[in-house]
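Participant: Next come the chains, spelled out residue by residue.
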Amino acid sequence: MRRVYLDHSATTPVDPEVAKLMMTYYTEKYGNPSSVHSFGRDAKAALENARESVAKLLGAQPTEITFTSGGTEADNLAIIGTAEAQSKKGKHIITSAVEHHAVLETCEFLEKNGYELTIVPVDEEGLIAVEDVEKAIRPDTILITIMHANNEVGTIQPIAEIGKLARDKGIVFHVDAVQSFGKIPIDVVAMNVDLMTVSSHKIYGPKGVGALYIRKGVRVIPRIYGGGQEKKRRSGTENTPGIIGFGKACEIAAQRMEEEAAREAKLRDKLLEGIMEKIDYVKLNGPQGEKRLPGILNVSIQFIEGEALLLSLDMMGIAASSGSACTSGSLDPSHVLLAMGLTHEIAHGSLRFSFGRQNTEEDVDYVLEQLPKIVERLRMMSPLYDQ
Amino acid sequence: MRRVYLDHSATTPVDPEVAKLMMTYYTEKYGNPSSVHSFGRDAKAALENARESVAKLLGAQPTEITFTSGGTEADNLAIIGTAEAQSKKGKHIITSAVEHHAVLETCEFLEKNGYELTIVPVDEEGLIAVEDVEKAIRPDTILITIMHANNEVGTIQPIAEIGKLARDKGIVFHVDAVQSFGKIPIDVVAMNVDLMTVSSHKIYGPKGVGALYIRKGVRVIPRIYGGGQEKKRRSGTENTPGIIGFGKACEIAAQRMEEEAAREAKLRDKLLEGIMEKIDYVKLNGPQGEKRLPGILNVSIQFIEGEALLLSLDMMGIAASSGSACTSGSLDPSHVLLAMGLTHEIAHGSLRFSFGRQNTEEDVDYVLEQLPKIVERLRMMSPLYDQ
Amino acid sequence: MYTEKVMDHFMNPRNVGEIENPDGVGEVGNAKCGDIMRIYLDVDGDIIKDVKFKTFGCGAAVATSSMVTEMVKGKTIEEALKITNAAVAEALDGLPPAKMHCSNLAADALHEAIKDYHQKTLKV
Amino acid sequence: MYTEKVMDHFMNPRNVGEIENPDGVGEVGNAKCGDIMRIYLDVDGDIIKDVKFKTFGCGAAVATSSMVTEMVKGKTIEEALKITNAAVAEALDGLPPAKMHCSNLAADALHEAIKDYHQKTLKV
Ligand SMILES: Cc1ncc(COP(=O)(O)O)c(C=O)c1O
Ligand SMILES: Cc1ncc(COP(=O)(O)O)c(C=O)c1O
Ligand code: FES
Ligand code: FES
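Chains A, B, C and D are the protein sequences, given in the same order. The first sequence: position 222 = 222 (the working numbering), numbered continuously. The second sequence: position 34 = 34 (the working numbering), numbered continuously. The third sequence: position 5 = 5 (the working numbering), numbered continuously. The fourth sequence: position 48 = 48 (the working numbering), numbered continuously.
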């Protein structure tokens with residue numbers, strides 16, 4: 001059976017070149033970068049080389065990059081680390097309704113511990129209004145944390161504008177760029193960003209590696225104490241093979257980004273057109289055109305539930321994801337779709353296809369062949385569907 | 001030139017079988033374990049399989065294992081997580097003078113934030129007296145954190161006795177077992193341990209992976225918030241290839257432990273004897289015999305400084321480590337050696353050889369051929385050495 | 001995640017559909033929570049001669065619906081009333097913990113349908 | 001970590017040893033901190049004819065000692081006094097930031113030796 005992986009926003013395969021390089025550092029150049037001997041020095045040099053590659057893709061300086069175990073840890077370090085560093089100045093934090101759980105749950109943890117939270121809404125396309133952020137700012141606001149591109153619908157936020165606002169007011173600005181990094185251009189300087197989260201496994205690097213950009217001069221209280229690695233910002237023996245893999249993945253992403261974005265956008269549009277043509281009662285979630293990531297397509301297929309769709313697609317070899325609550329066993333569907341004003345019913349039937357480097361036109365054709373049959377079958381079972 | 005890696009306490013190469021397995025999960029079975037589709041389910045199943053392997057080597061239940069990004073993070077989670085969970089009961093913590101920085105620095109972070117610390121001393125072999133721990137206990141003691149085996153000198157602490165004491169008094173007992181795990185038998189139940197830290201890269205698994213054993217019923221406040229992975233104890237997309245590699249490394253360690261311990265102890269003793277025979281003014285650091293890890297040998301070579309020794313050994317292809325301050329650029333040498341009563345001068349000249357699976361008798365012969373020449377050369381340069 | 005039996009009942013659900021002029025209909029859940037089950041009964045004397053279902057919900061919801069219809073077909077009303085949520089889950093070789101509320105729905109829908117049947121019969 | 005020059009001076013240190021009846025000796029550091037440097041001078045007129053060192057310390061400590069002896073050999077006392085810590089580090093193509101205090105030692109030891117020479121000369 002054909003296998004079509006269309007869940008690259010969840011995670012990507014490791015690029016073969018990246019994997020090969022990592023192997024060398026697992027089995028041959030395995031030294032601890034803190035060690036004096038040549039095994040250690042080789043590892044250290046490669047680690048610093050990776051730091052440069054990550055920095056470059058962000059428009060940052062290598063010294064501004066702190067490696068972490070992933071995007072989630074970087075988000076936590078940025079948010080809690082800033083809250084603790086700035087707590088004397090104030091305890092008010094601004095975020096948005098469509099952030100990843102790594103941001104939202106972290107903010108809510110702080111809320112339980114004496115901080116105040118303002119959650120800025122989004123419009124029906126998932127877009128934040130800069131004015132809403134501006135209105136939310138108070139004298140005791142210490143942090144604004146807004147994502148660059150949304151992981152469920154792909155909406156790209158007006159980061160540079162929000163960054164300018166934050167910089168003017170002297171408020172620390174954190175951006176979760178896990179989904180946009182390596183996919184669309186980023187320049188932390190032009191965007192007025194103080195802290196930015198990125199993750200390796202979304203750009204064909206290994207899982208368990210991420211980084212936080214910390215602008216020179218911005219203070220963040222560490223979350224993990226120990227041997228003082230990463231300039232004391234994040235202790236723990238460095239995951240050198242992982243970090244080196246991440247660095248390589250950044251290099252490859254930098255080379256391919258433009259071409260790949262155009263390619264994926266074309267596949268995405270083809271899939272959307274085909275779905276719209278072949279299936280009725282379908283709603284596109286998120287914006288059209290420029291304001292979205294090239295690789296993400298999110299649609300709601302009415303009268304059926306997302307997990308049932310995913311399972312059926314999976315039986316045909318197609319891997320996708322859903323904002324349905326039933327995929328996670330919770331009761332409420334995706335907070336992102338609800339924040340965009342979708343009803344529970346429609347949110348439950350949402351389906352996300354996220355494209356990647358190995359996807360082809362034939363993959364899209366295959367989905368367009370299978371999906372209508374699946375929808376038909378599930379709708380026949382649905383008490384909500386009365387043709 | 002011959003290359004002899006004798007720094008396995010710092011880190012180990014990844015076992016080829018482990019590396020091969022990991023490759024599969026990097027490039028083929030790359031799904032996110034949270035995903036509904038088969039890519040995700042395959043990853044999830046392998047992840048749970050790894051959890052079993054880790055649990056087994058600890059004598060624990062799989063549900064009691066929480067994966068982290070390494071030993072340092074697990075130590076932080078155990079210590080800060082317990083302190084926060086128990087802060088209503090008290091704010092007193094007991095630890096020892098020879099803990100790893102991941103424990104000591106974390107305890108000191110808590111001390112700065114309103115907790116009180118009692119640091120139990122060690123004798124000249126690096127051994128903690130159970131009575132000293134008992135004496136340190138107060139009504140408001142909430143946590144005892146003591147390492148199983150020391151990373152610099154290999155001393156094995158009387159964990160089961162301290163555990164019994166802690167259990168009797170209802171105090172949470174955390175053990176950093178990063179160095180002993182997979183090297184000597186561990187049974188968390190028999191040892192009365194509540195929390196135990198282990199790390200993958202010390203047992204031929206990948207860097208950037210560790211685990212915390214959390215005994216059923218023991219509460220630990222999480223440190224990283226997000227998608228709720230690891231039963232909400234540690235959010236973040238799981239490093240599946242790394243965790244799966246760790247699981248495999250545990251399986252291999254379980255098979256080889258006994259035989260390998262005997263083999264390494266023999267090499268270690270051969271090296272010690274040779275050094276004692278060929279070089280004068282040498283002091284063994286740490287205990288003789290049973291109370292030490294099989295693979296670690298720590299000696300102080302008087303009148304010379306550790307980093308100079310390491311660099312010279314490295315020029316001959318030999319990788320070792322030192323408790324010298326100069327290897328890290330700090331001013332005080334190893335807190336472990338100082339706690340054992342060594343003078344600064346002697347501590348500065350310490351040298352740690354730590355053995356691993358690929359080491360042979362020939363390796364030892366080679367070191368015994370090179371080391372005396374190096375010592376001779378450096379002593380000729382030393383103003384402290386007046387023959 | 002799901003057992004083979006669950007996947008079988010999900011992919012090849014038994015007794016999907018509606019019964020025209022049913023003797024009893026039961027509906028539980030609501031679309032807001034992501035699941036609705038509707039069960040139709042055709043009763044002859046005391047025997048459930050035919051049973052059909054329509055379900056909006058996850059794989060577990062579909063599978064439990066299918067399973068419960070298979071379990072009651074040909075049974076007496078009395079026997080059907082004895083079918084518990086646990087029994088449905090067990091017949092499917094178990095459900096993931098997070099999905100146990102789906103199995104609650106299937107037996108509930110059946111019992112609602114029987115209640116409806118009783119009410120209709122009484123009225124006659 | 002270290003430059004090639006540092007490693008060269010560490011592995012092949014110049015002017016290791018002692019001078020019998022030196023015209024000046026300088027010692028800085030202490031073993032407690034992990035480093036001691038001792039520099040011996042043989043001065044002829046105003047010229048440093050010979051210079052030797054003994055050092056207990058890390059690679060950087062040995063290399064800076066060696067380098068400083070090479071830098072002063074044949075120089076006048078006046079010229080030698082102008083040698084700064086920074087100059088020694090620079091002559092080695094730089095030192096890691098954490099090791100900069102080692103370079104401080106070498107020039108200090110030299111200056112101590114010159115001080116000792118001055119004292120001895122004055123006494124004569
Ligand atoms: C927007 C966003 N933020 C944060 C994360 C978390 O990153 P990681 O998976 O590396 O923990 C993800 C992905 O899971 C994401 O999509
Ligand atoms: C005793 C001990 N504890 C903790 C650690 C830290 O573990 P990791 O290197 O996985 O962060 C180490 C090793 O560095 C160790 O030897
Ligand atoms: S219908 Fe939502 S979990 Fe089953
Ligand atoms: S002598 Fe200690 S750092 Fe150089």
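Please keep in mind that the hints were generated in silico from the structure rather than gathered at the bench. None of the values given here were measured: they were computed from a predicted structure. Cβ coordinates follow ideal geometry from the N, Cα and C atoms, glycine included. Treat the hints loosely; a few may be bogus.
Claimed, not checked - Each computed EDC-like pair below joins lysine to aspartate or glutamate, with the alpha-carbon atoms no more than 20 Å apart: (1) B/LYS89 - B/GLU124; (2) B/LYS231 - A/ASP332; (3) D/LYS32 - B/GLU116; (4) D/LYS120 - D/GLU4; (5) B/LYS232 - A/GLU28; (6) D/LYS32 - B/GLU84; (7) C/LYS75 - C/GLU112; (8) B/LYS20 - A/GLU28; (9) B/LYS232 - A/GLU111; (10) A/LYS20 - B/ASP386; (11) A/LYS112 - B/GLU84; (12) C/LYS75 - C/GLU4.
As the list claims (entries may be wrong) - Covered by chain A, per the in silico footprint, the following chain B stretches (three or more residues, Cβ under 8 Å): (13) 4–14; (14) 26–39.
Participant: Compare the structure with each hint and give your call.
Facilitator: Each hint, compared with the structure:
The straight-line distance between the Cα atoms of B/LYS89 and B/GLU124 is roughly 35 Å, outside the 20 Å bound, and the hint therefore fails. The straight-line distance between the Cα atoms of B/LYS231 and A/ASP332 is roughly 19 Å, inside the 20 Å bound, and the hint therefore holds. Pair hint D/LYS32 plus B/GLU116 does not hold up; C-alpha atoms about 30 Å apart against a cutoff of 20 Å. Note on D/LYS120 and D/GLU4: the hinted pairing is violated, with a Cα-Cα distance of about 38 Å set against a maximum of 20 Å.
Note on B/LYS232 and A/GLU28: the hinted pairing is violated, with a Cα-Cα distance of about 36 Å set against a maximum of 20 Å. Restraint check for D/LYS32 and B/GLU84: not satisfied, since their Cα atoms lie roughly 39 Å apart, outside the 20 Å limit. Our distance criterion of 20 Å between C-alpha atoms is met by C/LYS75 and C/GLU112, whose separation comes to about 16 Å. Straight-line distance between C-alpha atoms of B/LYS20 and A/GLU28 comes to about 14 Å, which keeps the hinted pair within the 20 Å bound.
About 18 Å separates the Cα atoms of B/LYS232 and A/GLU111, which keeps this hinted pair within 20 Å; it holds. Straight-line distance between C-alpha atoms of A/LYS20 and B/ASP386 comes to about 53 Å, which puts the hinted pair past the 20 Å bound. At most 20 Å may separate the alpha-carbon atoms for a hinted pair to count; A/LYS112 and B/GLU84 meet this at roughly 13 Å. For the hint linking C/LYS75 to C/GLU4, the alpha-carbon distance of about 25 Å lies beyond 20 Å, and the restraint is violated.
Counting residues of the region 4–14 of chain B whose beta carbon lies closer than 8 Å to any beta carbon of chain A gives 7, which meets the minimum of three for the stated coverage. With 12 residues bearing a CB less than 8 Å from a CB of chain A, the region 26–39 of chain B meets the requirement of three and the coverage assertion stands.
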